[in-house]
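A.B. asks: Listed below, chain by chain, are the residues.
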Amino acid sequence: MSHHLFLLSPSDTPLYSLTHFSAKPSQAAQSPLSANLPSWSTSAFAGTLTALSGASSVVQASTQGGGVRMGGGQDRHVIQMIANASLDVIEEVVRRDNGMYLKSVDKFNEWTVSAFVTPGNMKFVLLHEGKNDEGIRLFFSEVWELYVKTTLNPFHTAHSGIVSGVFDARVRASARKHL
Amino acid sequence: MATSSKQYKAIGEDLWKGRTEKINAELFAMTYGALVVQLIQDYEDYAEVNKQLEKMGYNIGTRLIEDFLARSNLGRCADFKETGEVIAKVGFKSFLNVTPTVTHSQPPPASPRSSTPASGQGQQQTAAATGSQPHFTLTLDENPLAEFVELPEEAIEGGLWFSNVLCGVLRGALEMVQIRVEAQFVSDVLRGDETTEIRVKLIKYLEEEVPVGDD
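Residue numbers (full-length UniProt numbering), protein chains in the order written: chain A, 1 to 179; chain B, 1 to 215.
By construction, these hints were calculated from the structure, which means they are not laboratory data.
One or more of the hints may lead you astray.
[Claimed, not checked] Taking lysine to aspartate or glutamate pairs in the EDC-like style, the calculated list, with each CA pair at most 20 Å apart, reads: (1) A/149 x B/26; (2) B/55 x B/45; (3) A/149 x B/45; (4) A/103 x B/150; (5) A/103 x B/45; (6) A/149 x B/21.
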């Protein structure tokens, strides 16, 4: 089961992204669609493409080069499309909800999008399959702490991409622990 | 007055607790960090930034020593070793609330080299060989100036000593009590080393002089 994390600045610039492959067994399959996939296609891309067949040529053209990768590899463009699409939903939920952790705000085939909005209006977007609310909430809290520490580094320019190796290593460790 | 190391610790502890104004550590670290980053942007040369930090420290040190001596009421140190102890246990403790460990290194007392006038020049040249000049090394376990700091690659390659202001402070303060020293960073955890160490080397004891610029 894989997870995609995106950290976005208030102006929706991606500051950091991470793909994490979880060793934990995936939770009960949410979408019957994945069960209907032909056995040769193990990637979510294939499932998404099936659903999108006949959809806009933009998506297909951009995903042509990707192909089907074994072992759970997903096409980057689809992932990013899903993440971007969820931003609108996140904005809506933020207006309604007061807390930081927004749980799952959007679903797309078998991908669920969970979001976390910090007081500084940074959005953390996580794409994942299956259900793992508690683990994801703890993960988001840890990422938030790590993010705050990185921002305190005088060499970090606010709202620029996060290049710190320490941050990267710690986020990965946290992902391994909670996801 | 032979004050033992334990007594110095007690004095330092006492000064920190009772007689100093405190400031939020994060604010302090962020201010210093912003200062260093601004210097880097202005000078664009890490060696120059090091020099400027040291100069700033020197100016701070010349004033700091008055404050320190007024608060602590300590008398003259018997030798350079004691100077090192006082700096670490009382000075650093009362200003930064950290107590670096001091490692002394002194020339052997019966060294023929240091007493022969003919080899006076040789001694100056071999000053780098630590056997001839007394020095002590301060090892800082924690550095309040460098909380949350991560140096970018170019800074490490460029040779930046982030906390170089401390070296300047030591040099400035000691010069006001008639001791000329050279203080340098030897290693820094920000640069990936194991420890943060400052080496303070005695150059000479100064005679009473008219300070430069005062007429």
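A.B. asks: Each hint needs a verdict: does it hold in this structure or not?
C.D. replies: Comparing the hints with the structure gives:
A C-alpha spacing of about 11 Å is found between residue 149 of chain A and residue 26 of chain B, which places the hinted pair at or below 20 Å, so the restraint holds. For a cut-off of 20 Å, the pair hint linking residue 55 of chain B to residue 45 of chain B stands: about 15 Å separates their Cα positions. At roughly 27 Å between alpha-carbon atoms, residue 149 of chain A and residue 45 of chain B are farther apart than 20 Å, so this suggested pair is violated. A C-alpha spacing of about 32 Å is found between residue 103 of chain A and residue 150 of chain B, which places the hinted pair above 20 Å, so the restraint is violated.
A threshold of 20 Å between alpha carbons decides the hint, and for residue 103 of chain A with residue 45 of chain B the separation of about 48 Å lies outside it, so the pair is violated. Straight-line distance between C-alpha atoms of residue 149 of chain A and residue 21 of chain B comes to about 26 Å, which puts the hinted pair past the 20 Å bound.
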